[in-house]
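Q: Residue-level listing of the chains:
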Amino acid sequence: MARLQTPRAKITGLGSAGHGSQHFLAQRVTALVLLMLVPFVLFQFLAAFSSGYESVRIWAGSLLGTSTLLVLLSAMFWHLKLGVQVVVEDYFGGWVRPALLLINFFGCLAFWLVGILSILKIFIEG
Amino acid sequence: MVTSILHRLSGIVLAGGSLILVLWLWALSQGEKRYEQVMGLLGSFPGKLILFGFTLALFFHLLNGVRHLVWDSGHGYEKQTSNQSAWLVMILSLVLTLALWSAGYWVFEAFPGQKA
Amino acid sequence: MAQLTLPKNSKITKGKHWPAPDGSDPASITTFRIYRYDPDTGDNPRWDLYDVDTSKCGPMTLHVLIYIKDEIDPTLSFRRSCREGICGSCAMNIDGRNSIACTKGLDELKGKGRVISISPLPHLSVVKDLVPDLSDFYAQHAAMEPYLRTTTPEPQKEWRQAPEDRDRLDGLYECIMCASCSTACPSYWWNGDKYLGPAALLQAYRWLIDSRDEATGERLDALEDPFRLYRCHTIMNCTQVCPKGLNPAKAIGEIKKMLLERLV
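Chains as they are written, first to last, in our numbering: chain A, 1 to 126; chain B, 1001 to 1116; chain C, 2001 to 2264.
A few of these clues could be false.
In the DSS-like style, the derived pairs of lysine-lysine whose C-alpha atoms are separated by at most 27 Å in a straight line are [as the list claims (entries may be wrong)]:
1. Lys10(A) <-> Lys2157(C)
2. Lys10(A) <-> Lys2128(C)
3. Lys2194(C) <-> Lys2011(C)
4. Lys2008(C) <-> Lys10(A)
5. Lys1048(B) <-> Lys1033(B)
6. Lys2257(C) <-> Lys1079(B)
7. Lys81(A) <-> Lys2008(C)
8. Lys1079(B) <-> Lys2128(C)
9. Lys2257(C) <-> Lys81(A)
10. Lys1033(B) <-> Lys121(A)
11. Lys2257(C) <-> Lys2244(C)
I should point out that these hints are in silico values taken from the structure, not numbers from a laboratory.
Take the sequences, apply the hints, and build the full model.
A: Take a look at the structure:
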C-alpha cells in the first residue's frame, strides 16, 4: 500500500541522527596510522619470510615488534569494522542490516582479540 | 566510479587478508610446528597466488586511500585531476606489487626453497 | 538499500522501429533508441527506435527530440523549456551519461552510425517516457532551507556582504537543479530516501558559507547524520556529469571539513 505522505515528510523522516563525523574522523585517523605502519611491516614480513621461525619469534617478541604489531592490528580491525559497516549500511535494509552490523562488530572484536593475545603470548614467552 | 568500486572491493578482500594475518600470528605463538604448517600453506602455489592478490589489493587500497585523504583535505576534486589520480593509483599499485614480489624473490630470497 | 534488478513490470521490452522516410540520405541518418513508458496502459516500458535525419534538425540532442515529436511520433513525452541550459528541465540519460539535452551536442556523442540511447534519469519512478518524478528531489532541496536565515532584525536597506564573501558563492549558486548529479550517484540510488544527494548538499553548502546567514550551526546539525551527508563516498559521478561544470563532490567535502572543524 502506498503511504499517503508528502515528499517532505518522507525526506525529513526521523530527523538527523546527530552523529557521523566521529565515524568519518576515526576512519581517517586509523587510515593514517595504517599508512605509516603498513610499509614498515611489509618490509619486516619480507625479511621474516626469508628467515626461519626463530628469528621471526625474536622480532615479534621484541619491544619494537610487539608494539608495532599491537598498534597495527588495533588500527586495522578498527578501520575494517568502520569500513564494513559503511558497506552494510549502503546495501542492506530491514532486519538484515542490524544483523550484519552485529556480526561485523563481534567478528572484528573476536579476531582482534585472537591476534592481540597471540602477540602478547609471544612477547611474554620471549 | 571505477576506483570507488575497486576501493570497496579491495577493502573487502583485505578484510579476508586480515584474517590470514591473525592466523599467521596465532601460528607463530603456537610454536615452530604450527608455524611451519601455516608457512607451508602460504608458500604453496595457491597460497602464493592468494598472497599476491592481497598485495595488489593492499597497495591499491593504500594508494587510493591517500587519494581520499587528499580529497578530504579539500584538494584534487577537479574533473581532470581526479581522473589523472585514478590512473596514477591504478598503475602505481600494480608497479609496487610487482616491485615487492621481485624484491621478495631476488633481494630477500623469501620464497620457499630459495634458502636451503 | 541496493536494488540491482528491475521489478517485473519495469523490464524493458522491444518496441517499434520508425524508419526514415524513403529517399533520405543514409549518411545523415542516426538511430536513437528511446525509452518509452506509459503507466496508464499497464504495458511494460519499451525501447523505440527512431531513424532521424540529423541534417533536418538542429545540432543538439533536444533538437532531435523535438524533431521526433513534431515529425515522427507525437506521443513522445519529455520536459523542456528554455533550450539554453538554464532551466534544467530536459535532464535525461543520453548515451549512458546524465546531461541536459539542450546543451548536449550531437557531435559530442562519438561514433558515427552508432545507436544513441536516451532514457529518463536513472533510479527515479517514471511519470511518462522521459519524464521522471522529481518530488523527492525537490523536497530534499526544500529541506535545505535555501534562503537566508537570520535572527538579527532586518536592516533598513540590505544585508551587507563583502565582495570576497560574495565570491565564495561562485560555482555554487549556478546550480539549475536538473538532478543529473544526484541521479548519477550510486549512494543516491541505494539510499535516496535518506541520503540527500549531491544537488541538495551543494545548495546546503551554498547557504552554509553565506556570510550573511545566521543559522550555520543549525544547518550543520541537520546534516550531522550517517546517511543524510555521509553516504557520500567521493565516487565523483556528480562532478563528472554536471552539465554546468560545477563540483558537488568538492562542496560536500567542504561540508565534511566544516563538521570536523566543529568537532576537533
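Q: Determine for every hint whether it applies to the structure shown.
A: We went through each hint and held it up to the structure:
1. Lys10(A) <-> Lys2157(C): violated (39 Å)
2. Lys10(A) <-> Lys2128(C): holds (23 Å)
3. Lys2194(C) <-> Lys2011(C): Holds, at about 26 Å.
4. Lys2008(C) <-> Lys10(A): holds (25 Å)
5. Lys1048(B) <-> Lys1033(B): Holds, at roughly 20 Å.
6. Lys2257(C) <-> Lys1079(B): holds (20 Å)
7. Lys81(A) <-> Lys2008(C): violated (36 Å)
8. Lys1079(B) <-> Lys2128(C): violated (33 Å)
9. Lys2257(C) <-> Lys81(A): holds (23 Å)
10. Lys1033(B) <-> Lys121(A): holds (16 Å)
11. Lys2257(C) <-> Lys2244(C): holds (24 Å)
The structure fails to meet hints 1, 7, 8 from the earlier list, while all remaining hints are met.
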